[in-house]
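Student: Generate the whole structure from the sequences, applying the supplied hints.
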Amino acid sequence: DQQVKQNSPSLSVQEGRISILNCDYTNSMFDYFLWYKKYPAEGPTFLISISSIKDKNEDGRFTVFLNKSAKHLSLHIVPSQPGDSAVYFCAASARSFGNEKLTFGTGTRLTIIP
Amino acid sequence: DSGVTQTPKHLITATGQRVTLRCSPRSGDLSVYWYQQSLDQGLQFLIQYYNGEERAKGNILERFSAQQFPDLHSELNLSSLELGDSALYFCASTADLAGGGEQYFGPGTRLTVT
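Protein sequence lines, in the order shown, are assigned to chains A and B.
Here the first sequence is numbered in the numbering used here, starting from 386 and rising by one per residue.
Here the second sequence is numbered in the numbering used here, starting from 59 and rising by one per residue.
Worth double-checking, as some hints may not be accurate.
Lysine-lysine pairs mimicking DSSO-like chemistry, simulated, CA-CA at most 30 Å apart [claimed, not checked]:
hint, chain 1, residue 1, chain 2, residue 2
1, A, 456, A, 441
2, B, 67, A, 456
3, B, 67, A, 390
4, A, 439, B, 67
5, A, 390, A, 441
Which residues of chain A face chain B? A few of them, derived with a C-beta cut under 8 Å, are [unchecked claim]:
hint, residue
6, 417
7, 431
8, 487
Covered by chain B, according to a simulated footprint, are these stretches of chain A (three or more residues, beta-carbon under 8 Å) [as the list claims (entries may be wrong)]:
hint, stretch
9, 439–449
10, 490–498
Bear in mind the hints are in silico, worked out from the structure with no lab data behind them.
Source: prediction; values computed, not measured.
Ideal Cβ positions, reconstructed from N, Cα and C, are used throughout, including at glycine.
Tutor: Okay, structure coming up:
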């Protein structure tokens, strides 16, 4: 049972435009959400997170939006740069319930076209 | 550089064999997590240790075991290896005492079983 879903395996965006990556979850106990970026031959790198008590968190070019009623979150990258080309993973945990493990989606490969 | 180290980087072995993967967490981090990433899949949580004690278990096979030593490094032991065990194995650590927050990943060990 895939509790965290990233339905777009790949996405191509022109340099300078906005990249929007989407993630859906099914487990109502999830209360903390994270985005990771992964380059080939490297481990995932933490990008940004959001608690379920918020609906938006911003860090530089990266903004994460959370819609709890729809069980949906998205990562916006503005403006997109060639170095943003990577695989992006959405992850979730149920911190308030003492569940520390991260449940990951299958990833979206983002390609920024120069 | 996340500060998490993993050795070896690559491992090629035959079916039926046993291997040990090693992880050193970031300085001061007490929690270590192990994840498996098979081809085109998200990261699957295997097991977590906190200060030497097993804290949580995911979909870890009985042929797999792990431990965390007094110096906080961790080892993942995989035995009676099968072709399907070929995957990337990541270790992550965190200083997040509440758990379920940001985890910092090592570069991974790529295991190939032939």
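Student: Does each hint fit the structure? Answer for all of them.
Tutor: Going down the list of hints, with the structure as the test:
{"no.": "1", "hint": "A:456 <-> A:441", "in the structure": "14 Å, holds"}
{"no.": "2", "hint": "B:67 <-> A:456", "in the structure": "37 Å, violated"}
{"no.": "3", "hint": "B:67 <-> A:390", "in the structure": "29 Å, holds"}
{"no.": "4", "hint": "A:439 <-> B:67", "in the structure": "39 Å, violated"}
{"no.": "5", "hint": "A:390 <-> A:441", "in the structure": "20 Å, holds"}
{"no.": "6", "hint": "417", "in the structure": "5 Å, holds"}
{"no.": "7", "hint": "431", "in the structure": "5 Å, holds"}
{"no.": "8", "hint": "487", "in the structure": "6 Å, holds"}
{"no.": "9", "hint": "439–449", "in the structure": "violated (count 0)"}
{"no.": "10", "hint": "490–498", "in the structure": "holds (count 3)"}
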